Amino acid sequence: MPTQNDDSSRPMTSLEKLSRRAFLARAGAAGVVTATASVAAPKASATSAEQQPSPPGATIPGTVPITLKVNGETYKLQIDSRATLLDTLRETLQLTGTKKGCDHGQCGACTVHINGRRANSCLLFAAMQQNAEITTIEGLGAPDKMHPVQAAFVEHDGYQCGYCTSGQIMSAAAMLHEPWGPSDSDVREALSGNICRCGAYPNIVAAVQSIRQRA
Amino acid sequence: MQPFELITVNSIPDAVKAQAASPTAQQGAQVRFIAGGTNLVDYMKLSVETPRQLVDINGLPLDKVELESGGGLKIGALARNTDVANHETVKAQYPVLSQAILSGASTQLRNMATTAGNLLQKTRCVYYRDTAFGCNKRQPGTGCSAIGGHNRMLAILGTSNHCIASNPSDQNVALAALEATVHVTGLKGDRATPIADFYTLPGSTPERETVLEAGDLVTHITIPPLPAGTKSLYLKLRDRASFEFALASAAIVVKKNGDRIEFVRVALGGVGTKPWRSLEAEHALHGKTATPANFRIAAEAALRSARPQSQNGFKVELAKRCLVHALTQATA
Chain C
1 MPTQNDDSSR
11 PMTSLEKLSR
21 RAFLARAGAA
31 GVVTATASVA
41 APKASATSAE
51 QQPSPPGATI
61 PGTVPITLKV
71 NGETYKLQID
81 SRATLLDTLR
91 ETLQLTGTKK
101 GCDHGQCGAC
111 TVHINGRRAN
121 SCLLFAAMQQ
131 NAEITTIEGL
141 GAPDKMHPVQ
151 AAFVEHDGYQ
161 CGYCTSGQIM
171 SAAAMLHEPW
181 GPSDSDVREA
191 LSGNICRCGA
201 YPNIVAAVQS
211 IRQRA
Chain D
1001 MQPFELITVN
1011 SIPDAVKAQA
1021 ASPTAQQGAQ
1031 VRFIAGGTNL
1041 VDYMKLSVET
1051 PRQLVDINGL
1061 PLDKVELESG
1071 GGLKIGALAR
1081 NTDVANHETV
1091 KAQYPVLSQA
1101 ILSGASTQLR
1111 NMATTAGNLL
1121 QKTRCVYYRD
1131 TAFGCNKRQP
1141 GTGCSAIGGH
1151 NRMLAILGTS
1161 NHCIASNPSD
1171 QNVALAALEA
1181 TVHVTGLKGD
1191 RATPIADFYT
1201 LPGSTPERET
1211 VLEAGDLVTH
1221 ITIPPLPAGT
1231 KSLYLKLRDR
1241 ASFEFALASA
1251 AIVVKKNGDR
1261 IEFVRVALGG
1271 VGTKPWRSLE
1281 AEHALHGKTA
1291 TPANFRIAAE
1301 AALRSARPQS
1311 QNGFKVELAK
1321 RCLVHALTQA
1331 TA
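Line order of the protein sequences matches chains C and D.
So the first sequence is numbered by our numbering: it starts at 1 and just counts up by one.
So the second sequence is numbered by our numbering: it starts at 1001 and just counts up by one.
It should be emphasised that the hints constitute simulated quantities derived from the structure, not laboratory data.
This one's a predicted model, so the numbers in the text were calculated from it and none came from an experiment.
Careful: at least some of the hints might be erroneous.
Here are the in silico distance ranges between beta carbons for each label pair [unchecked claim]:
no., chain 1, residue 1, chain 2, residue 2, range
1, D, G1203, C, T67, 39 to 49 Å
2, C, C102, D, H1150, 44 to 54 Å
3, C, E133, D, I1007, 15 to 25 Å
4, D, A1332, C, S185, 14 to 24 Å
5, D, K1188, C, Q160, 53 to 63 Å
6, C, S185, D, A1092, 32 to 42 Å
7, D, D1014, C, P61, 21 to 31 Å
8, D, E1066, C, R188, 46 to 56 Å
9, C, R212, D, N1161, 49 to 59 Å
10, D, E1317, C, T67, 15 to 25 Å
Quick partial rundown of chain C residues pointing at chain D, CB under 7 Å, derived from the structure [said to hold, decoys possible]:
no., residue
11, I60
12, S81
13, R82
14, R117
15, R118
16, Q130
17, A132
18, S192
19, G193
Covered by chain D, according to a simulated footprint, are these stretches of chain C (three or more residues, beta-carbon under 8 Å) [as the list claims (entries may be wrong)]:
no., region
20, 100-111
21, 139-147
22, 183-190
23, 208-214
Glycine included, each C-beta is placed from N, C-alpha and C at the ideal position.
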């Protein structure tokens, strides 16, 4: 991976360097998951020269055709049957807001909504979610139109590194429709499936309570 | 993860037929039913489970929680843990079950996990989870690395020289105290097994955990009605306040007549190789007054056959105090 321009000895700025995500997208393009066609193309396509569509009629052994409904859009994909929903969202649909932490259902970074209920996308096979309405953090809100929980996390500084944040927010948004009591301890119990290594818990509780008390 | 074929079935006979292609329904099954997947997918990622085929049973009509005409409750195999725990009848008549389910895992996992999946939940023994080590449950004949190893979380009741793995479920402890019945359909038709007979002790065959045979599908469980005025509760002790497995837990179903205990069912969690119904504690309590001294006698009886390992001796006293505290609360 080059760190300098070919025509200059001037060091590249960080903006000029290949971004980590773009690099990983290219490096992983020959991976097991291949999107062959989508009814509605992913918003942020990372298609590269290496990511050629399969020839018509050919299927990669071990892959299955599936249809996923994510954030209101329908995608037709050809994926490895082992692909989790988490990996399919991130690597095939380029919806990288959903994070991979432990990959074993213990940290909650991968939390999405399945038919309105929160679930760990790392423990779901994508091929088993074909009849589901899937909502990710990208479908919950946008920078110019934040979901109230997202706005509350900004207002109350409910994060440090931010890696667990989308999972925390997806859990908190679902919690608003679940039968919990009003106290801070209810919030802590309700969000115990979302681990924050930075320890931003007090601010997360404050953010969630600000929404619940407003509601 | 080992590659597998995923198929979907739309009828119970098709499900039975598909799984019956595997020589076993126990450890090493080549065909596995999958519903919530919270336990199975985890173990497939660790190569502890290596099925060649997964049978998606989510389309089967087994997700209802229904009142039975003669009293009691019928809970479908596919009823989600969240839905059972928050069901009005469960909360009102069987609070021990609601409390037990809500004390386990996280909301995300409970939204996915099913009643039958929880019933068949695998141990969390670190050696069972790690294929680098010997484990008689995962690979018969390779020895038990937990005996003399990291065994702080493991069982003190029902163990053998071949396996000391603890059953991790909270739900199943409540079901044991509620004397639930597990309903199974298989190649030989339907059968109903009391939960006390559903789980097997490890003995010299820890790879076998239940009476399920190849092709068997758990369809539902039933819980009998309780005598009017019965109270129930679940008390769970663990290393942190939430999202952690039990070090010791107790499920109590009890009815007093005046000061005397007229009806009582006791089960312990976190300490047994299976959900641990304690007939010894029940016999010690029946007809006695609800006093701390009698609770302690019952707790001593419940743990009399305990066999602690190198790191979990504390569980003997912890389980006793857990039981005494739970009985105190349930009879208050």
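- Output the numbers, in ascending order, of every earlier hint that fails for this structure. Violated: hints 2, 6, 8, 10, 11, 16, 17, 21 and 23.
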